[in-house]
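J.: Just so you know, the sequences run in chain order H and U. Everything in the first sequence is counted per the numbering used here, starting at 1 for the first residue and increasing by one. Everything in the second sequence is counted per the numbering used here, starting at 1001 for the first residue and increasing by one.
Everything labelled a hint here was simulated from the structure, so no lab data went into it. Hints are not guaranteed to be accurate.
Unchecked claim - Calculated pairs, SDA-like style, for lysine to any residue (alpha carbon to alpha carbon, straight line, at most 25 Å):
hint : chain 1 : residue 1 : chain 2 : residue 2
1    : U       : 1008      : H       : 15
2    : H       : 214       : U       : 1144
3    : U       : 1008      : U       : 1167
4    : H       : 115       : H       : 102
5    : H       : 124       : H       : 113
6    : H       : 214       : U       : 1143
7    : H       : 214       : U       : 1165
8    : H       : 214       : U       : 1139
9    : U       : 1008      : U       : 1023
10   : H       : 214       : U       : 1131
11   : H       : 214       : H       : 228
12   : H       : 214       : U       : 1031
13   : H       : 214       : H       : 197
14   : H       : 214       : U       : 1138
15   : H       : 214       : U       : 1127
16   : U       : 1008      : U       : 1165
17   : H       : 214       : U       : 1136
18   : H       : 214       : U       : 1135
19   : H       : 214       : H       : 246
20   : U       : 1008      : H       : 19
21   : H       : 214       : U       : 1130
22   : H       : 227       : H       : 253
23   : H       : 214       : U       : 1128
24   : H       : 214       : U       : 1148
25   : H       : 227       : H       : 261
26   : H       : 214       : U       : 1147
27   : H       : 214       : U       : 1167
28   : H       : 214       : U       : 1137
29   : H       : 227       : H       : 245
Model, not experiment: these values are computed from the prediction.
Chain by chain, the residues run as shown.
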Amino acid sequence: MLAPKRQSGWVYTAALSWRAVVHRFSYALFLSLSLGLLVFGHARPVVMQNARSQIIDTIAPALDVVARPLALVETVTARVQSYRSLLDENARLRTENAGLVRWQNAALALEDENKELRGLLHYKAEPALAFVTARVIADTGGAFVRSLIVTAGRQDGVREGMAAMTGDALVGRVIEAGEWTSRILLITDMNSRLPVVLMGTGDHAILAGDNTGKPHLLYLSQEADVKVGARVMTSGHGGIFPPNVPVGIVSRFEHGEFEVTPLASMGRINQVRLIDFNLTGGAFNPIAAKMQAASFAP
Amino acid sequence: MSFSFLQKSGQLIRHALPFGITMVFIGVSVLVLPVPYLGGIAPMLGLVAVYYWAIYRPDLLRPFFVFLLGLLNDFLHLLPIGLSALLFLALYQLVLSQRRLFIGQAFPLVWIGFVVVALIASLTQWGVMSLGGGQGLSLQPVFLQFLLTVFLFPLPVWLLILLQRAFLTQE
Chain H
1 MLAPKRQSGW VYTAALSWRA VVHRFSYALF LSLSLGLLVF GHARPVVMQN
51 ARSQIIDTIA PALDVVARPL ALVETVTARV QSYRSLLDEN ARLRTENAGL
101 VRWQNAALAL EDENKELRGL LHYKAEPALA FVTARVIADT GGAFVRSLIV
151 TAGRQDGVRE GMAAMTGDAL VGRVIEAGEW TSRILLITDM NSRLPVVLMG
201 TGDHAILAGD NTGKPHLLYL SQEADVKVGA RVMTSGHGGI FPPNVPVGIV
251 SRFEHGEFEV TPLASMGRIN QVRLIDFNLT GGAFNPIAAK MQAASFAP
Chain U
1001 MSFSFLQKSG QLIRHALPFG ITMVFIGVSV LVLPVPYLGG IAPMLGLVAV
1051 YYWAIYRPDL LRPFFVFLLG LLNDFLHLLP IGLSALLFLA LYQLVLSQRR
1101 LFIGQAFPLV WIGFVVVALI ASLTQWGVMS LGGGQGLSLQ PVFLQFLLTV
1151 FLFPLPVWLL ILLQRAFLTQ E
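The whole structure should be built from the sequences, with the hints applied where relevant.
T.: Okay, structure coming up:
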């Protein structure tokens, strides 16, 4: 009786220590592999970007399945909220409508004048812009990156650099276009730098994201006369976006910087319009470029 | 024979539960949740699940699977590929080495353990991202994400406990 017991005890101990060795070996292996991938991704960001696009394309249908009911919940919640504030909303809209009718008359008069002047100058009208409407299926709401994954890719005519807008406000631009999905870098991301102009004063600045909901203005000139409430539009510099695309409103001055509140509700974006302005500067990917630069730095 | 096959298949599915549910958690953390006032910040649900399984069923979440989950997290969150994998593996091993402290203990102690793990994860990520970006990043969103994850911790853990009790107790 004793001999087999001793043998089974020995086998059991050996098996346990073997499992511990395997565990330690696999742990060290995958830890090294992770470190290797981190270094490789730093040196070859384009390879990783392609791999990422392919993987997102593959798992997008699963994300889409789960995102749909959530979008429905969002719609129902918004509808219930709008019912609750129906009376106030109605009064506000009536006042707004009266103002808009005045603007409409002015716009019609200006349109006629514009047509006349274009006729006189033989002005060649710009072709209509191509756009794709896409649904947001993922929001990488991390502390380090502000981006969205949308259900439109190269097959739908999306390419890197296209502008992403909700309503008439800019929210970001396409930085990765897969076959069926694309990734949009939001203007609130820390890698986003957008040349802008302030309406009214014409001051130029760079709108820089910092991963908070409120990007700030950089490189304002000493003489700049910035006022809280000023509208911020794209300046068209850099060839990324055309001029006069609405972006946000200067909301406050703090710690020596002007904060800008985006016109779009950045936390609740469900649909975006991806617009091709036919500009070449937008194909630049700031994240990949930054990693590439860091990997070649001495 | 068919009964044995079904039994084995059932066991296989049950054993894949920790990996599967952690994958779902990572997926949910990138969905556009209809929760107002979060300002685009999402909790680190993948980290919660890895922490939980490292304490209660590390035999069902081996380093290989932790590595895969980390990669998925990196791909979805646009993080440098390998960063979450490295972090998940390191924290998994840390928790594994201290799991005797947590097994059979009251929930607040497990929660405090997670506060430490989440703090290490947040600060390490912040350090690596700042280093990679060549500038010190704002700590505000990192701190918000840390607080949100720690504050919400009981909710995903409650779900994990329910799943473990329903599918993994008879072994």
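J.: With a cut-off of 25 Å on the C-alpha distance, tell me whether residue 124 of chain H and residue 113 of chain H pass.
T.: holds (16 Å)
J.: Between the alpha carbons of residue 214 of chain H and residue 246 of chain H, is the straight-line distance 25 Å or under?
T.: holds (15 Å)
J.: Between residue 214 of chain H and residue 1031 of chain U, is the straight-line Cα distance small enough, at 25 Å or below?
T.: holds (22 Å)
J.: Would you mind confirming whether the straight-line C-alpha gap from residue 214 of chain H to residue 228 of chain H stays at or under 25 Å?
T.: At roughly 14 Å apart (the allowed maximum being 25 Å), residue 228 of chain H and residue 214 of chain H satisfy the hint.
J.: For the pair we were handed, residue 214 of chain H and residue 1147 of chain U, check the Cα-Cα distance against 25 Å.
T.: Judged against 25 Å, a Cα distance of about 20 Å means the pair holds.
J.: Measure nothing beyond the straight line between the CA atoms of residue 214 of chain H and residue 1167 of chain U; if it is 25 Å or shorter, mark the hint as holding.
T.: Cα-Cα ~45 Å, so violated.
J.: Does residue 1143 of chain U lie within 25 Å of residue 214 of chain H when you go C-alpha to C-alpha?
T.: holds (16 Å)
J.: Hey, residue 227 of chain H versus residue 253 of chain H, does the alpha-carbon distance stay inside 25 Å?
T.: holds (9 Å)
J.: Could you grab the alpha-carbon distance between residue 214 of chain H and residue 1135 of chain U and see if it respects the 25 Å cut-off?
T.: Cα-Cα ~19 Å, so holds.
J.: Is residue 1008 of chain U within 25 Å of residue 19 of chain H, Cα to Cα?
T.: Holds, because 22 Å separates the two Cα atoms, which is no more than 25 Å.
J.: Holds or violated: residue 1008 of chain U and residue 15 of chain H, Cα atoms, limit 25 Å.
T.: This hinted pair holds, its Cα atoms lying about 23 Å apart.
J.: Compare the distance between the alpha carbons of residue 214 of chain H and residue 1131 of chain U with 25 Å, and conclude whether the hinted pair is satisfied.
T.: holds (23 Å)
Hints 7, 27 from the list above are not met by this structure, while the remaining hints are.
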